[in-house]
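Undergrad: This is what each chain is made of:
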Amino acid sequence: MAALLEVKDLCKTYVVNKRQNNVLKNVNFSVEDGEMVAIMGPSGSGKSTLLYAVSGMDGATGGTVMFDGKDITKLKGKELAALRLDKMGFIFQQMYMMKNLTILDNIVLPAMESKKTSESKKEKLMRGEELMRKLGIIEVADNDINEVSGGQLQRACICRSMINKPKVLFADEPTGALNRTVSDEVMEELAKLNKEGTTIIMVTHDAKVAAKCSRVLYIVDGTIKGEYKSPSEPEAQEKDRERMLNNWLMELGW
Amino acid sequence: MLQHQYMFFRILKRDLKRKKTMNVILFLFIVLASMFVSSGINNVVTIMNGTDYYLDKAGIGDYVIITMGDNAVGALDEMLETETAVQDYRMERVVFGAQGDITAEDGSSVECKNTTIYQSIENSAITFFDMENEPVTGVEPGHVYVSGSFMEANGFEKGDRIRFRHSGVEGLEMSFILDGSIKDALLGSDFMGNTRFLLSDEDMRKLLENETIYNHYRGEICYIDTDDIQEMKAAMADVSNVVFDGARSTIKMCYVMDMVVAFVMLILSVCLIIVSFVVLKFSITFTITEEFREIGVMKAIGLSNGKIRSLYIVKYLMLAIVGAIIGFIASIPFGGLLLDSVSRKMMLGSDHAILLNMLGSVLVVCVIVLFAWIYTGKVKQSSPLDAIRSGQTGERYRSKSVLRIHKCPGGNAFYMAANDILSNPKRFLTIMISFGLCTLFVLMLVNTTATMKSPNLITMFGTESDLYVTDVADVMDYMNTGSKEGMQEHLKEMAEKLGEDGMPAELCIELQYKYHITFDGNRYVLTCQQGMNTEITEYAYTEGIPPQNEYEIAITPQISDLTGAKIGDTMTIHYGGEDMECMVTAYFQTMNLLGEVIRLHENAPTDFRYISSAMSYQIDFTDNPSEEEIELRKERIKKLYNNDKVMNVTEYCIDCTAVADTLESVQFLILGITLVVVILVTILMERSFTVDEKSQIAILKAIGFKDGAIIRWHVYRFGLAALIAVVVAAALSIPMTKLCITPIFGMMGAGDIDYHIDPLQIFIVYPGIVFVMTIFVTWITALYTRAIKSSDTANVE
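Listed in order, the protein sequences are those of chains A and E.
Counting in the working numbering, the first sequence tops out at residue 254, every number present.
Counting in the working numbering, the second sequence tops out at residue 1797, every number present.
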């Protein structure tokens, strides 16, 4: 399988009060098309920084990030925006949405902005409704963002991230603000999307969530310390996968 | 307790430091509000007391009489000695001259207002003030102070020389060095409008040594203290050679043009006060809403409502006090700038100016604390949940979004902007009210200035002619000789001269006489106008039938109010030796003498012995020349008569109202202030919105919105709000002009005005300037959104 995302010698340094803080130190990894990769690590290890650097949301200090044949560290603001609009999707721990728009209008907003397809506004709207229906939140389509639960809102964020059929979905602690039941439901949806062919890269603290991924990268002090591949056998039970991942994490000092 | 206080101030200190942007924005609003309110209150009080304060400081008294001409001196004495209504009086001796008596040093003509007046400053009975409002008490021999806008109008500087050559005296020539302009409470207004030259006692004596001047051009100005104006008016019936007599109220009314400008400033000040409070309310509610997350946290850790509330009130009080002090300091020059446009002719001021400014600043502090008290009341309702939901409880049952994305025309940026305004109109009301009010104000002023600079007002001053010659100094000769026939011959000669020069024309002139009139048992001395070579039917009337013969007259509503006479009543006019019963057949309006005028039929037996003034020579070409040709002829006539005071109808109206140019400069000043308000409100509100919407901007960037789209969203939002404001202002401008400005014209004698509306200016140019400025400033300010990164979604609170 071809690499959709290839990260080479990625560095990120913050300078605070004339002191350098090397958050990412020569990070190397690649993600293949259709993979679901989790990035784990202790607090302050650089997980989110890595996610934002590889997604082009934040600039890198050094190294390259090849995505869809382009080094996104070299792209300018407009090109990055176009890339995020049409080829990437984002989900965050905080479920940010436009305050004055309904849930459905929030979801279809990126589609309306995109010129990727020649669909009419109505067709885009129908696509948004279809996604909502698929994720089981169609009944809140016309609701205000304050009128829905956290789980519904995060599902709405997933719908928004998927509206332009991105090649890769970046998720930063997508279940971090949700309870276990809702978290499981959201992960089910992400797994389904992955099975349908969407590449997913997510940052998580939760081993149960990471166990649903095909691969786990463990990062400590800005460096990838290890890489775990989940058993690919379909017969592997979820609890077994989770136990095996936990064992691996404990070996790395988790 | 000490620990509590320590923590209290620690929280406060951290708050001021951490929320620097919002606190700075709030602070700037407070400074602005304090500046506007302080200067506004002072200006309102100053203007309301404007003329009274000025006339009191000058010592003008309650009644003023000016006498002129042969045997004028001494004519008053008997009345002053015998009349019981006269409590006290002060008199000054003056010399009258013609407009052309003064020239520049090189002999070139200069502009003087009407008849010129010369007197000694040392023996003046009232106080004159310099441009710094300091009393002027003396002048060196050979030097002179001049009243009104003589220096400005002729481009003279202090130290320049002028020459004086009296037209009625052969060989008398004097030269003076100009020491500067003075504010003359009696003759400095546009309606009185005589240029007064204040000389040294020595120079005045030299002038009076001339026998002709002493005998024929002397006059007196008498300032009388009295409690009984009616009695004074009745007593004036026995005094001859009076060119002017009027109560203090009449002199006050002569400043009506200046007060028009002053009232414009007053309304502007009130507008700025309203804008300040609207903006303050916005910034306080906005910043307190921003605090809900922290209020929730404080509640969660157990701080009482009172403690939390006092924390914010102390914070706002501190900001208010510091802001108000700075605003107070800034209000002094700012208020002065506003009043400066009015006070060139008047000494506007207040004995308690600083105190009033201070009062304004204290008021702002009180209002801020009051707003803070009211809005922090919501602390009681907030719960720790607010810490999680940033002040949103979720208990809302109506969808906030009004527009739907697929139904809205235009791009996403436009949709979001329009939806923001419709979903939360209260938030944008501040922009709409402040921009709308300021724009409406500018537009009302544009309508007023355009009307004053149009020929629409000509019926308020006389009849429409092709050209007007306003220098009527030569009428003085006929006034002195009492020769009406001579005057008629003069008009004929002028017409013949024009005809010989290829400009066939008819000439007419409107003359004013002072006659004793009796109605309902009361006697009055009133000004009567009669046209020479015009028919009374050529003038405009508002009600009734124009007088058909010498036994019929038309009166103004002001005369009707003064005497109680109505259409159908009969007044007795004492035409010298002959008394005539004249019926009032019509009402008319005029701005001459503030409307206190009676119009006489052309056959009425008027006598030049009673003439008091002449309006202007009116030239009507008989060969129907084009407008371009009239303009060419205007220049030719100027050369022909060596007279610069030749005007077309529009210029004549501007000359008569006198205030049009000042009003136009005030209009530009107010446009400037409006633009400053637009710039400040836009910058501060856009920055507030950007801080509030940081998370939304970051998420838009994260989902692929370009910087340009986000900037467009913000620009459209302010643009739409400004558009609504200027459209409403433009729509209201015509009815509001009629509502607010007509009463001011009414004070000048014209209650029914045909406003000159320039649709291009009202609907395009001025609203366009405000709109474009809003767009531009929003765009510049919104560029800051570029600094917000998509990755800020991770660290936005």
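Simulated from the structure, these hints should not be mistaken for lab results.
Using N, Cα and C, we set each Cβ at its ideal position, and we do this for glycine too.
Incorrect hints may have been included.
Said to hold, decoys possible - Covered stretches of chain E, going by a simulated chain A footprint (3 or more residues, C-beta under 8 Å): (1) 1414-1425; (2) 1699-1706.
Said to hold, decoys possible - Reference listing, derived: stretches of chain A covered by chain E, where coverage requires no fewer than 3 residues with Cβ under 8 Å from a Cβ of chain E: (3) 12-25; (4) 50-63; (5) 77-86; (6) 118-126.
Undergrad: Check each numbered hint against the structure and report the violated ones by number, ascending.
TA: 3
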